[in-house]
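Line by line, the protein sequences are chains A and B.
Numbering follows UniProt numbering, with no gaps: position 299 of the first sequence is 299.
Numbering follows UniProt numbering, with no gaps: position 105 of the second sequence is 105.
The hints are simulated quantities; they were obtained by calculation from the structure and are not laboratory data.
There could be a bad hint or two in this list.
One copy or two, either will do: identical chains are not told apart, so a pair holds if it fits within one copy or between any two.
[As the list claims (entries may be wrong)] In silico DSBU-like cross-links for lysine-lysine, where the CA-CA straight-line distance does not exceed 30 Å:
1) K111 to K233
2) K364 to K384
3) K371 to K224
4) K383 to K100
5) K350 to K233
6) K352 to K232
7) K100 to K51
8) K332 to K46
9) K395 to K111
10) K226 to K177
11) K232 to K87
12) K209 to K384
13) K111 to K375
14) K46 to K58
15) K102 to K158
16) K384 to K87
17) K384 to K226
18) K165 to K2
19) K102 to K350
Protein chains: 2
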Amino acid sequence: MKAAIILVGTELLNGAMVDTNSIYIAEQLNKYGIEIEFKLTVRDIKDEIYKTIDYCKKNVDLIIMSGGLGPTIDDITKEVIASYCGKKLIVEEEELQILKEKFVNVGIPFKNINVKEVEKPEGAISFRNDVGMAPAIYINGIAAFPGVPRELYNMFPKFINWYAKEYDLLQDEIYIKDIITYGIAESLIDEAVRDLFTENGIYYEFLVKDYGILIRMQTTQSNKNKVEKITKKIYNKIGEFIFGEDDDRLETKAVELLRRSQMNFSVAESCTGGMLASTLIGVPGVSDIFKEGIVSYSNEAKIKRLGVKKDTLDIYGAVSEQTAREMVLGLKTDVAISTTGIAGPDGGTKDKPVGLVYIGIRIKDKIYVEKRVFKGDRGRVRKKAVSQALFSLIKILNEDV
Amino acid sequence: MKAAIILVGTELLNGAMVDTNSIYIAEQLNKYGIEIEFKLTVRDIKDEIYKTIDYCKKNVDLIIMSGGLGPTIDDITKEVIASYCGKKLIVEEEELQILKEKFVNVGIPFKNINVKEVEKPEGAISFRNDVGMAPAIYINGIAAFPGVPRELYNMFPKFINWYAKEYDLLQDEIYIKDIITYGIAESLIDEAVRDLFTENGIYYEFLVKDYGILIRMQTTQSNKNKVEKITKKIYNKIGEFIFGEDDDRLETKAVELLRRSQMNFSVAESCTGGMLASTLIGVPGVSDIFKEGIVSYSNEAKIKRLGVKKDTLDIYGAVSEQTAREMVLGLKTDVAISTTGIAGPDGGTKDKPVGLVYIGIRIKDKIYVEKRVFKGDRGRVRKKAVSQALFSLIKILNEDV
């Protein structure tokens, strides 16, 4: 079965927005063995959308559209679908009531213009939007979703479940396994694992993400055992760089290991400025073991909140192994993590360049401090420092506890 | 003049790569007033590329292709263009010599397969590639570039200069102005501003971002004055919801106002768990006025680090107006911000549901506490709390200081 993705929105063509919706859609459709033949991005112009639908209809079985379901004058996707299908736009009383209730719930006055959000071509099926206003719709091989990613994520699973049942698609046609590495270059992973993929029908690729590089293996369910064997071999070759699989992330893995070893923790951040705490607090249920975070950006805060010695700051500087060490000593939980560095763009010197970061980790009375120099702009240096701190914590917890 | 962009490459459809080339191409073409009608992403399959070129040819004047110019078997872009134009593929001796020299220069042996990189449809013009191997080509309204971004960036200016001369295109640069709102629904903005856009040639749209909703106005430089007039009228209508323009963000605006009023600041976070500090520390140069952040996730930390009274926590709870108030009192800087709330997914009750957040702001000895109930998952509630805290701070600083 073949599909096309149509992204509607002038802003997607003039550089204002990077499209992530189509990546999500492709992944979801791939699970059911539906191939994406092509992706089209069009402006909010009736004729152009119409032509595009017509072109896709002649080439694929299923069209997924994203964008243009809102209430404003440039939201015309449903109108064009109706016209293409020779249907009129209708409003179902029940859907209108649900919409009005949503407006009451969020405390925004409902205006006539908003009725448009529940308009749909006569005969179209709707999928309930739990996180926004306009429902997704489906009619005659065309599904239309809002352009707002979280609304798409909310409704796409409902749609694809329904569609798979309707067309007897089996979900487990495709089997995907991700192995997640950190701290190793793509070319080195490639060199290490390339020879393992000699079997026909097992496809692999590398996906570079913020939290590491994924080795994604894709095949059919019948090859699952073979993938497991390859997985073992990959661990044998580059296991030291692997921190998880599939839905694992650095922070979920770190919290899982901390919880398993029944240790509470806290963090003291300088250059990462709350990003490490924020990332860890993103893990649901962390509150039972996370005690506190100190964003000790000024020297004053390092001294007062963490008991870093004034002498240490004077002699070695705020960005130093000694300071990172005293920062973790200042926190009284079982485990403590500290970061201190120069995120840039200013503040670098020859000895202490922009990108220099010290990461301190204390597990009870054992202290580890590592020095890194990260490349990139302010945001990049801070993100890399957070990822490195989490990866180092995972490694230490795996080995030493 | 209208153009289409065709991106060639199976990897662009399965989520392995995010496309940035088309954003660059769109910006360059916009400078000459060339509109992008649509963008198509296709797999490395001859028939599909052919069909796509055919579809574009029927709709636009200029096709820009990216990808598929390399030496390997899946690089078929030039072959398809030749076949579409009814030309044979040729190799010019001079271009072959240049290519061979490049191989000598980088010390890679030249193989027969590499000849393909200088093949082109008979009659096509080439543009020299200073940073890679395959030149870009142009024939009959179709230009083809490599998919590697730095090679595209190297040759696109050469192409567009030549093309603009050939077709007498003047650079009538596009003028874009963004007005950034917060805390007002898209439909209400639309209602307020719709009547202001009566002029021809001034196009507007709404872009929903994490940090607010943008009103984007787009026109040519010659209409700049008209946009300024409209901008003033927009401020008159919904000024209370506007916090900035163009590159402004909530955090940059907040830091700018704090710096202007010469006040230092610190934050105390519970539910946002470091995200507020991290967002503010993302602003370069903030270190002179940001003193510290306390992620007081546990009651213990609230008491010990911020001096919140145990009684307050016992009587009113950690998520309460009183606690938010005592949190900002516990920080000793000129300005202090606090958040305390229930981010979910667990921990909600009937009286204090998931999404309930108290935001405290202290400007010297004036304290403001606001109560909000945000919808969405854990990540969403935390992000909204951060944005709301920043927006409220901006409003207070604008009004009261």
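We went through each hint and held it up to the structure:
no., hint, result
1, K111 to K233, "between (61 Å within a copy, 22 Å between copies)"
2, K364 to K384, "within (25 Å within a copy, 36 Å between copies)"
3, K371 to K224, "neither (41 Å within a copy, 51 Å between copies)"
4, K383 to K100, "between (42 Å within a copy, 26 Å between copies)"
5, K350 to K233, "neither (43 Å within a copy, 51 Å between copies)"
6, K352 to K232, "neither (41 Å within a copy, 47 Å between copies)"
7, K100 to K51, "neither (34 Å within a copy, 45 Å between copies)"
8, K332 to K46, "neither (63 Å within a copy, 58 Å between copies)"
9, K395 to K111, "between (56 Å within a copy, 27 Å between copies)"
10, K226 to K177, "within (12 Å within a copy, 55 Å between copies)"
11, K232 to K87, "neither (55 Å within a copy, 42 Å between copies)"
12, K209 to K384, "both (12 Å within a copy, 24 Å between copies)"
13, K111 to K375, "between (50 Å within a copy, 21 Å between copies)"
14, K46 to K58, "both (19 Å within a copy, 17 Å between copies)"
15, K102 to K158, "within (20 Å within a copy, 53 Å between copies)"
16, K384 to K87, "neither (53 Å within a copy, 39 Å between copies)"
17, K384 to K226, "neither (34 Å within a copy, 45 Å between copies)"
18, K165 to K2, "within (17 Å within a copy, 42 Å between copies)"
19, K102 to K350, "between (58 Å within a copy, 19 Å between copies)"
In this structure, the earlier hints numbered 3, 5, 6, 7, 8, 11, 16 and 17 are contradicted, and the remaining ones agree with it.
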